[in-house]
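Student: For reference, the chains in residue letters:
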Amino acid sequence: MSDHKTMTLTLIVWRQKNANDPGKFETYTAKNITEHHSFLEMLDCVNEDLIYAGKDPIVFDHDCREGICGMCSQVINGAPHGGQDRTTVCQLHMRKFKDGDTIYIEPWRARAFPIIRDLIVDRSALDKIIQAGGYTSCHTGGVADGNAILIPKPVADEAMDAAECVGCGACVAGCPNGAAMLFTGAKVSQLALLPQGKAEAAERVKSMTNAMIECGFGNCTNHYECMAACPKGINVKFIARMNREFLKAQFA
Amino acid sequence: MILDGKCPTGPIEQTWDKHRFDLKLVNPANKRKYNVIVVGTGLAGGAAAASLGELGYNVQAFCYQDSPRRAHSIAAQGGINAAKNYPNDGDSIYRLFYDTIKGGDFRAREADVWRLAQVSNNIIDQCVAQGVPFARDYAGYLDNRSFGGAQVSRTFFARGQTGQQLLLGAYSALSRQIKAGTVKMYDRREMLDLVVVDGVARGITVRNLVTGAMENYAADAVCLATGGYVNVFYLSTNAMGCSVTANWKAHKKGAYFANPCYTQIHPTCIPQAGDYQSKLTLMSESLRNDGRVWVPKKKEDCGKHPNEIAEDDRDYYLERKYPSYGNLAPRDIASRAAKEQCDDGRGVGPGGRGVYLDFADSIKRLGEDTIRERYGNLFEMYEKITDENGYKRPMRMYPAPHYSMGGLWVDYNLMSNIPGLFVLGEANFSVHGANRLGASALMQGLADGYFVIPYTIGGYLATVKPGQVKADHAEFKQSVDDVKAEQDKYLSINGKKTVFEFMREVGGLMWENCGMARTKESLETNLKKIPALREEFWKNVKVTGSGAELNQQLENAGRTADFLEFSELLCRDALHRNESCGGHFRSEYQDAGEAQRDDVNFCYVGAWEYKGAGKEPELHKEPLKFDNVHLAVRSYK
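Top to bottom, those sequences are chains X and F. The opening residue of the first sequence carries number 1 in our numbering; numbering runs sequentially from there. The opening residue of the second sequence carries number 1 in our numbering; numbering runs sequentially from there.
So that you can see chain X by itself, here it is in the shape it has in the complex (with noise of 0.2 Å):
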């Protein structure tokens, strides 16, 4: 750990006013960074120097930084969230680049996701989704005792990998077809793997994968670019299992 050798880079960066600008990259310098400063705070410093230079700086999403709220949402280098193995572009640090890089840097590109202004893009399409079935139709109370239903551990574990993904919209912006079918499956999957969600999976699976070509996502050729992309490392396994549930619903 040196904390005293600082490395210069060069960002190439998506700039967009708005929805209706057609956008172009600007060229900026970020200096004197350290291996232990996050992506985003590499551009937190870029955006200080931009103001005092009194230029806009550089807006993109970000909350939690640590992870797991999945606003974040960059391509680096091509790569969504920068391809470092199961890691969102805030977990991202410097000690993965070196001295003189040069970085592009470009928002989620997907015909769901409309750009809203530079590094930002709409995403509610994905909320779309789950409110077309990505849900367990309980009430408020009233529902039966915890352990009254037992679930195997491998079951609730299985379910459990599903329902790690954080809703980034990474393997959409990966996939060449824009395709939100590793989020979808993820959601279909935990819910019909445990037996709270069985009751709807016919009717959910049918609502959910409507929903998604609706808002304009594209569909699966297999090229596993979202497994590629997905922070949380979902398997496209259980996009395999959203097409078994979707055959059986059409016979439900």
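Hints are not guaranteed to be accurate.
[Claimed, not checked] The calculated lysine-lysine pairs, modelled on DSS-like cross-linking and capped at a C-alpha distance of 25 Å, are: (1) F/6 / X/128; (2) F/611 / F/484; (3) X/31 / F/497; (4) F/179 / X/206; (5) X/31 / F/496; (6) F/621 / F/252; (7) X/55 / F/489; (8) X/237 / X/198; (9) F/298 / F/321; (10) F/179 / X/198; (11) F/465 / F/6; (12) F/484 / X/55; (13) X/55 / F/497; (14) X/31 / X/55; (15) F/542 / X/31.
[As the list claims (entries may be wrong)] Here are some of the chain F residues that sit facing chain X, going by a computed Cβ distance under 8 Å: (16) 54; (17) 164; (18) 172.
Derived by calculation from the structure, the hints in this document are not laboratory data. Only a predicted model underlies this, so the values are computations on that prediction, with no experimental measurement involved. Ideal placement from N, C-alpha and C gives every residue a C-beta, glycine not left out.
Position chain F against the provided structure of chain X, taking the given hints into account.
Tutor: Just chain F now, kept in the frame of chain X:
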């Protein structure tokens, strides 16, 4: 003025049931005539909006993020408490109630805490029904773990992401209501004012963060579930967007702010690496189940590789000082103990601000695989941030601001002193006293949202006629004009310092002089320096861009301006409270290093009333009575 919490009387175990029966009801057919605003969509707000929508009220929900699923409840790692007593280890509603009162250092209301303990079991059932994948054992039963401040295993968990799973449960319930049309969701909106007409809360003014437009929303009741304020310390474990703004605006419109000095410093966070740092990352307290906390006995060992320090040369100070609770001592005690060791020159890592959390013994006993299964994601996160492997060498930890026990004052119905304004979750002051126990924040958020507000708001709405004030009322226009004037002012100053610089400065003053330990002198220093800094802010801040567009600097300017006012109130509250209790430690009041409470003079809730800019706030007191738990010195030895 003496405040009345309107708590029900009689045997404590019957209070909530009796109160629920006594509350007036709104006829099912009339519910849709009432508009309810819910600000914030974390555990408290999300659960409230979903449950109120399901009951039939017309709900409008607001959040500043791009989706209601992102609220900072999502970051809670360790778990949620409930008095299920599944492990048969002696738990009960009474014990959870007792532990919470004692853990809060006898500064919370008994009736509120009893209710929390009583509904805790319903929460687990509710979440299971929603499809929250809690940890299970091989027989299929729900699994439990231990947490600080308790001697029973009552914490339910979903790996190291319990908050995420519970929030996604509430978000799914909310999504269902959005689809059903009972809840209208407004995302990327920040509440910048509470609208009060003739002393009654009637709506809010929000800024649309995408377009910059000011929008008004009127309602028959407003629920704030807007979280805590520890970003006043600049570096904290809160998300970047967490602020005191919504609560502070409500305070300036008349809502009392209770116990702002009760702030929780979490003992196990990853130490700060440099001054560019934007936030601190928490490592779940559950790690203390299997990790042992230590520092070198000898100062000269601090620079050594920890694995080279002999067993005899290590000071397992929590086990030494608190043998019965050991590494699971409550948060405030564990944090202060860490600070003491570091102040004594035995801290480790950069600047000597760190202690070790060591898993070597547990790995030897249980194997690395078991530890990985329990805390794998935390070890991964630690390595991403520090580039160190926690399985191979002890983690370095240091306390960081994490949670605010203080908040807007509410009565037993969660209603503030402004009729029609309800406050839920971390935003209110109600159940944690001066210190919150681990795994109790999730419990409170969901208790307030699912099982308290659906009853108590009905009791209020049944007494008012729906739709009395509309958004075209003059007060709404005035509110927009005021907010706009403030925004224009930020943009017009064009000074030399950025918003971040001011936030770092005020946060630094707060951490230095009003952090883990406070003195009369340090607080008086802040009460001089903060107003000066505030004055400088209004002359020298630089915000670029305009108000009619997405402008993150402008958003931060508003939040910082509010912190610059609120921080002064926090210090004032800390200065007036001449005792040490829970998260409020005044160095003058201690007994051999332990907090010295003063029950004769300070056994009350201190609620502050805003009196106008530049005027001293007025303190109102609500005396606390302990009929069920004996008011005693809090000992974990």
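Student: Sort out whether residue 484 of chain F lies within 25 Å of residue 611 of chain F, counting only the CA atoms.
Tutor: Cα-Cα ~22 Å, so holds.
Student: Would you check the hint for residue 31 of chain X and residue 497 of chain F, treating anything up to 25 Å between C-alpha atoms as holding?
Tutor: holds, 19 Å
Student: Against the 25 Å threshold, does the CA-CA distance of residue 31 of chain X and residue 496 of chain F hold or violate the hint?
Tutor: Holds, because 20 Å separates the two Cα atoms, which is no more than 25 Å.
Student: Given the hint that residue 55 of chain X pairs with residue 489 of chain F, test it: the Cα-Cα distance must not exceed 25 Å.
Tutor: Distance of about 19 Å is within 25 Å: holds.
Student: For the hint on residue 164 of chain F, does the least C-beta distance to chain X fall short of 8 Å?
Tutor: With a minimum Cβ separation of about 6 Å from chain X (threshold 8 Å), the hint on residue 164 of chain F holds.
Student: Decide if the proposed pair is consistent with the structure: residue 298 of chain F and residue 321 of chain F, CA atoms, cutoff 25 Å inclusive.
Tutor: holds, 18 Å
Student: Given the hinted pair residue 179 of chain F and residue 198 of chain X, is their Cα-Cα distance within 25 Å?
Tutor: Holds: residue 179 of chain F and residue 198 of chain X sit about 20 Å apart, inside 25 Å.
Student: Holds or violated: residue 621 of chain F and residue 252 of chain F, Cα atoms, limit 25 Å.
Tutor: holds, 19 Å
Student: Next item in the hint list is residue 172 of chain F. Is there a CB on chain X closer than 8 Å to its CB?
Tutor: holds, 4 Å
Student: Is residue 55 of chain X close enough to residue 497 of chain F, meaning Cα to Cα at most 25 Å?
Tutor: The hint holds at about 14 Å.
Student: Would you check the hint for residue 31 of chain X and residue 55 of chain X, treating anything up to 25 Å between C-alpha atoms as holding?
Tutor: Holds: residue 31 of chain X and residue 55 of chain X sit about 17 Å apart, inside 25 Å.
Student: Sort out whether residue 31 of chain X lies within 25 Å of residue 542 of chain F, counting only the CA atoms.
Tutor: Holds, because 21 Å separates the two Cα atoms, which is no more than 25 Å.
Violated hints amount to a single one, hint 1; each of the other numbered hints is respected by the structure.
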